[in-house]
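J.: Given next are the chains, with one letter for each unit.
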Amino acid sequence: MSNTPQIRPVTGAQYSRIHGVGGYRPVRVIPNAEVLTWIESSDEWIRTRSGIAERRWAGPEESVAEMSVQAAGKAIAQAGIDPARIGGVIVATVSHLKQTPAVATEIAERLGCGTAPAFDISAACAGFGYGLGLADGMVRGGSAEYVLVIGVERLSDLTDTSDRSTAFIFGDGAGAAIVGPSDTPGIGKVVWGSDGSQKDVISQTEAWDTAFAKQDAINGAGEETRWPALRMEGQTVFRWAVWEMAKVAQQALDAAGITADQLGAFIPHQANMRITDAMIKALKLPESVPVARDIAETGNTSAASIPLAMERMLESGEARSGDLALIIGFGAGLVYAAAVVTLP
Amino acid sequence: MATKDEVLEGLAEIVNEIAGIPTEDVELDKSFTDDLDVDSLSMVEVVVAAEERFDVKIPDDEVKNLKTVGDAVNYILTNA
Chain W
0 MSNTPQIRPV
10 TGAQYSRIHG
20 VGGYRPVRVI
30 PNAEVLTWIE
40 SSDEWIRTRS
50 GIAERRWAGP
60 EESVAEMSVQ
70 AAGKAIAQAG
80 IDPARIGGVI
90 VATVSHLKQT
100 PAVATEIAER
110 LGCGTAPAFD
120 ISAACAGFGY
130 GLGLADGMVR
140 GGSAEYVLVI
150 GVERLSDLTD
160 TSDRSTAFIF
170 GDGAGAAIVG
180 PSDTPGIGKV
190 VWGSDGSQKD
200 VISQTEAWDT
210 AFAKQDAING
220 AGEETRWPAL
230 RMEGQTVFRW
240 AVWEMAKVAQ
250 QALDAAGITA
260 DQLGAFIPHQ
270 ANMRITDAMI
280 KALKLPESVP
290 VARDIAETGN
300 TSAASIPLAM
310 ERMLESGEAR
320 SGDLALIIGF
330 GAGLVYAAAV
340 VTLP
Chain X
0 MATKDEVLEG
10 LAEIVNEIAG
20 IPTEDVELDK
30 SFTDDLDVDS
40 LSMVEVVVAA
50 EERFDVKIPD
60 DEVKNLKTVG
70 DAVNYILTNA
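Here the protein sequences come in this chain order: W and X.
For the first sequence, numbering that gives the first Met the number 0 puts the final residue at 343, and the numbers step up evenly by one.
For the second sequence, numbering that gives the first Met the number 0 puts the final residue at 79, and the numbers step up evenly by one.
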């Protein structure tokens, strides 16, 4: 059997890191005062329950593709690479309402990424971490030199503005990162997973086919039909997001061989300021570690929230290039992904 | 096994730490939301702290039944 042909082995980079990060925030600002025209609530109630003062909502021109291209352009510029060297485009989103084709192909084409493989993933608020895990594997596995990871959402399209418990939470935006080869480890082990037993605690109210079937049945009978929206069981999500996710965050630190006091930033998914505050306590994070609090002005932008918050911390000087950051995303699925990364 | 007074005292300390309510205000007939201003998310924090302190499991489905401090004390005494 000595003549059995052998497949040539694939070799990739020894290590990977984030080379650049960029974000896009829609022009239209929605302050709490505007939310109060939809729901019976108060500015103080919204701020104490969520930490949100305002959020950005995309206009008609600010499509999922457009916001992604804008954010990616900044990430590519910071990385200082020719887009043609990007060998993979991963778009994490749950709010691109045209399912086929994947929005990633249009984005890759517009950015000049040639024939790079391009695909969408659905991992809700853990989407950026999932994308980072895939990108890290692609770079080290030799299937791409650079990979563009985008988290993008237009959650305003899936917001029920009459739902008191969620109308004030969601926002729109895009964040992008370029992952590529590195001489030293720049992305720690991605600790990720899912728990499908809790698939119903955050979800779209109903599938599109169900919604359309109802519409057909009503067919102009005057009854109000509702476009599917996102809803969640707040207390259940809060408990899981704080105490279960603190364990996952600790696992990511342990896997990277990093202690909390060595972090230059903690960048959790911007779900709710209360979750962030409680997670800091549960993690026993030292006060010296700067914490991302982008949610106050951006709302919860699901897959986009971590790269948007990362960009803000770097731009404001709260965190610096080369610092170690602990990132953790968690959301509908339930799904989660955490890792220690070197900031670009 | 903790006594009723010990559970009440422990719960009062937890509510004080999480919601800043003076411990003497945490009485059996007080409603968490209406009298003590413990909102739904703080209630989860109280529940998790109580689980740890009293070595008891309080499932999410049960939390909504714990309307007063007395409800919580009784639940802990029965299930710890």
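Treat the hints loosely; a few may be bogus.
Examples of chain W residues lying across from chain X (beta carbon under 10 angstroms, computed) [unchecked claim]:
id	residue
1	T47
2	A52
3	R225
4	R230
5	E232
Read the hints as simulated data drawn from the structure, not as lab findings.
Every residue, glycine too, gets a C-beta built ideally from N, C-alpha and C.
J.: Should the interface hint for E232 (chain W) be scored as holding, given a Cβ-Cβ cut-off of 10 angstroms against chain X?
T.: Result: holds, 8 angstroms to nearest chain X Cβ.
J.: For the hint on R230 (chain W), just tell me whether its beta-carbon gets within less than 10 angstroms of chain X.
T.: violated (15 angstroms)
J.: Does the nearest C-beta of chain X fall within a distance shorter than 10 angstroms of the C-beta of T47 (chain W)?
T.: This hint holds: T47 (chain W) lies near chain X, its Cβ roughly 7 angstroms from the closest one there, short of 10 angstroms.
J.: Holds or violated: is there a CB of chain X closer than 10 angstroms to the CB of R225 (chain W)?
T.: violated (24 angstroms)
J.: For the restraint on A52 (chain W), tell me whether the closest CB of chain X is nearer than 10 angstroms.
T.: violated (18 angstroms)
Of the numbered hints given earlier, the model fails hints 2, 3, 4; all others are met.
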